[in-house]
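Based on the hints, put chain B with the ligands in the right spot on chain A.
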Amino acid sequence: MKNFLKKNYIALIIAIVIIVIGYIYLFGPFKSNQIDLKKYNDSLTLFCQKEENINSEICRDFSLNGPFKGDVDVLYIFYNLLTDSPLSYLPLIIAFIISFLSLKEFSKFFNSSMAKLILIREKYSLFLKKIFLSSFKYVFLFPIIFLILYVGCLILGNFNFDISKYATSSIAIFSFTYLSLKSKFILLFLFNIIINSIIYVLLALITARITNSFYINVILSYILYFILDIIGEVFIGLISIILLNIDPHSYFNFLDIFSFYDIPNYFIYLGIRLLVIFILGVTTYIIYYNKEKFIQFIERKWEILK
Amino acid sequence: MILKINNLVKKFKNEEVIKSLSYDFKSGNIYGIVGRNGSGKSVLLKVIAGLYKQDSGDVLFDGINYNDGNNFPKNIGIAIEEPAFINDLTGYENLKLLASIQNKIGKDGILDSLTIVNLVNDKDKLYKKYSLGMKQKLSLAQAFMEKPNVLLLDEPFNGIERVSVEKIKAYLKKLKKQNKLIIITTHIKDDLVDLCDILLEIDEGVLKEYDNKK
Ligand SMILES: Nc1ncnc2c1ncn2[C@@H]1O[C@H](COP(=O)(O)OP(=O)(O)OP(=O)(O)O)[C@@H](O)[C@H]1O
Ligand SMILES: [Mg+2]
Numbered sequence: 015m016k017n018f019l020k021k022n023y024i025a026l027i028i029a030i031v032i033i034v035i036g037y038i039y040l041f042g043p044f045k046s047n048q049i050d051l052k053k054y055n056d057s058l059t060l061f062c063q064k065e066e067n068i069n070s071e072i073c074r075d076f077s078l079n080g081p082f083k084g085d086v087d088v089l090y091i092f093y094n095l096l097t098d099s100p101l102s103y104l105p106l107i108i109a110f111i112i113s114f115l116s117l118k119e120f121s122k123f124f125n126s127s128m129a130k131l132i133l134i135r136e137k138y139s140l141f142l143k144k145i146f147l148s149s150f151k152y153v154f155l156f157p158i159i160f161l162i163l164y165v166g167c168l169i170l171g172n173f174n175f176d177i178s179k180y181a182t183s184s185i186a187i188f189s190f191t192y193l194s195l196k197s198k199f200i201l202l203f204l205f206n207i208i209i210n211s212i213i214y215v216l217l218a219l220i221t222a223r224i225t226n227s228f229y230i231n232v233i234l235s236y237i238l239y240f241i242l243d244i245i246g247e248v249f250i251g252l253i254s255i256i257l258l259n260i261d262p263h264s265y266f267n268f269l270d271i272f273s274f275y276d277i278p279n280y281f282i283y284l285g286i287r288l289l290v291i292f293i294l295g296v297t298t299y300i301i302y303y304n305k306e307k308f309i310q311f312i313e314r315k316w317e318i319l320k
Numbered sequence: 687m688i689l690k691i692n693n694l695v696k697k698f699k700n701e702e703v704i705k706s707l708s709y710d711f712k713s714g715n716i717y718g719i720v721g722r723n724g725s726g727k728s729v730l731l732k733v734i735a736g737l738y739k740q741d742s743g744d745v746l747f748d749g750i751n752y753n754d755g756n757n758f759p760k761n762i763g764i765a766i767e768e769p770a771f772i773n774d775l776t777g778y779e780n781l782k783l784l785a786s787i788q789n790k791i792g793k794d795g796i797l798d799s800l801t802i803v804n805l806v807n808d809k810d811k812l813y814k815k816y817s818l819g820m821k822q823k824l825s826l827a828q829a830f831m832e833k834p835n836v837l838l839l840d841e842p843f844n845g846i847e848r849v850s851v852e853k854i855k856a857y858l859k860k861l862k863k864q865n866k867l868i869i870i871t872t873h874i875k876d877d878l879v880d881l882c883d884i885l886l887e888i889d890e891g892v893l894k895e896y897d898n899k900k
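For the protein sequence lines, the chains are A and B, in the order given.
Take the first sequence: its position 25, counting from 1, is numbered 39 in this note's numbering, and each next residue is one higher.
Take the second sequence: its position 174, counting from 1, is numbered 860 in this note's numbering, and each next residue is one higher.
For reference, chain A alone in the conformation it holds in the complex (with noise of 0.2 Å):
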């Protein structure tokens, strides 16, 4: 328990401040919210009550479909934490955090001799396979962070899920595809989390190959990752619109995971990013094969980084 809390506590760090802002805001300016919901279905409800009101169009309305009532369906909350709350501008950091994390599990075996101490004392491919598992540990990081965060919206929402009662939250947000899903609309939403994380692990395993010091490297895994986007969006985007009048735009959206219930298909999401896992998989392959290129990249002087 000690060791594993001395391992991994900026992970730990990361995670309880995110879901402690996530829990603040769930049950501060978002229940208060629904809160003045109430207030504004008990005034309505003394409002219709008079004679003069009854056939207002509000009130109409009113008698017709029931009160507003305070507790949203899940699924509405969980979309206002991620887009209403400051957790919205987590999509721009989940990346840096993942690749931060997970470039610093083995930088240090990179900018010391340490990796030709280890090889004399396990295979390359043991020692490659120890590295790979460190660092996608932290594929599992941000799904867990929204479980927990997602438990926080089933009980503000009661576990509701029965959007039929107010459709004029829910339907607005999510394209009816997802929204069917109800429950099991969070396996998707953790399962797309998982698929980026993996693009991020992959990119921060190419740069760990790119110089010998762990801050550039960051830095350099977060540039490329903006490239990636770049590339899917503003080339194969402007392509797609030019030669095949579609907007591909969302679907190469690297920068932000959470947005992908805005597309038609998800299996057109998806499979862009199999195949970009698919394409980086085998750069990192082909980057690290070679025990010898490795060593000789550890060994090589970077005078200007130190």
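Source of the hints: derived by calculation from the structure; they are not laboratory data.
Treat the hints with caution; some may be incorrect.
[What the hints assert, rightly or not] Taking lysine-lysine pairs in the DSS-like style, the calculated list, with each CA pair at most 30 Å apart, reads:
| hint | chain 1 | residue 1 | chain 2 | residue 2 |
| --- | --- | --- | --- | --- |
| 1 | B | K690 | B | K815 |
| 2 | B | K863 | B | K833 |
| 3 | A | K137 | B | K760 |
| 4 | B | K894 | B | K739 |
| 5 | A | K16 | B | K760 |
| 6 | A | K20 | B | K739 |
| 7 | B | K690 | B | K712 |
| 8 | B | K699 | A | K137 |
| 9 | A | K118 | B | K809 |
| 10 | B | K782 | B | K859 |
| 11 | B | K821 | A | K137 |
| 12 | A | K118 | A | K21 |
| 13 | B | K833 | B | K815 |
| 14 | B | K790 | A | K16 |
| 15 | A | K122 | B | K833 |
| 16 | B | K690 | B | K705 |
| 17 | B | K712 | B | K815 |
| 18 | B | K809 | A | K137 |
| 19 | B | K739 | A | K16 |
| 20 | B | K699 | B | K809 |
| 21 | A | K122 | B | K811 |
| 22 | A | K122 | A | K307 |
| 23 | B | K793 | A | K143 |
| 24 | A | K21 | B | K853 |
Please read these numbers as outputs of a predicted model, since none were measured by experiment.
Structure of chain B with the ligands alone, referenced to chain A:
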């Protein structure tokens, strides 16, 4: 045990650093390899340790080739080129990290090894606070700690004070009696004359008996 090197060739781009080098190293001996800067001493040791891969020829430990670009020679200890351990760990923690890979030795084994090189008193200092000589001592302790059958030491006495050098030399002589194979390189021959059984010279990429007349 015999470490047999057969027509070994190692090139970098077009530069042939080791040219058809052949030699049989036998356990129970301390070999000294002398050579000027850039003669290929470190490269030879790295190929033997499986860190670099030869372009042709064989490195055979009792007939077994470990240098396939993935495997490592079993039971070998190396201290090659300037040491660079992990800065934010202490000397002891660095050794512990390495010892944990094969799990052959525990705390006592590590401490024994640190005692041989006179570093036990500084074992809990962070590596980045080590002096040059202390770094070199840690590198040697690392090579010794798992009691390997083969030791490859590249300029092992760089920066180490005289008393400790004598102690380490005495230890190496003891290992020799235990039938270990020890190969030491240097560009200063005088470091080795009193220690080595066989003195070799590497020049133009080949290994030959050291010519005392030079
Ligand atoms: N990774 C490498 N890439 C290209 N050339 C290399 C590499 N390593 C060594 N060399 C070249 O091989 C030759 C031998 O180098 P090596 O380090 O073995 O010399 P050395 O005998 O150990 O010298 P010194 O006494 O300075 O330690 C040198 O010319 C060097 O430039
Ligand atoms: Mg050298």
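Status of the hints after comparison with the structure:
no.	hint	result
1	B/K690 to B/K815	violated (40 Å)
2	B/K863 to B/K833	holds (13 Å)
3	A/K137 to B/K760	holds (10 Å)
4	B/K894 to B/K739	holds (22 Å)
5	A/K16 to B/K760	violated (34 Å)
6	A/K20 to B/K739	violated (38 Å)
7	B/K690 to B/K712	holds (8 Å)
8	B/K699 to A/K137	holds (26 Å)
9	A/K118 to B/K809	holds (25 Å)
10	B/K782 to B/K859	holds (26 Å)
11	B/K821 to A/K137	holds (26 Å)
12	A/K118 to A/K21	holds (11 Å)
13	B/K833 to B/K815	holds (27 Å)
14	B/K790 to A/K16	holds (24 Å)
15	A/K122 to B/K833	holds (26 Å)
16	B/K690 to B/K705	holds (16 Å)
17	B/K712 to B/K815	violated (39 Å)
18	B/K809 to A/K137	holds (28 Å)
19	B/K739 to A/K16	violated (41 Å)
20	B/K699 to B/K809	violated (41 Å)
21	A/K122 to B/K811	holds (18 Å)
22	A/K122 to A/K307	holds (18 Å)
23	B/K793 to A/K143	holds (27 Å)
24	A/K21 to B/K853	violated (38 Å)
Of the numbered hints given earlier, the model fails hints 1, 5, 6, 17, 19, 20 and 24; all others are met.
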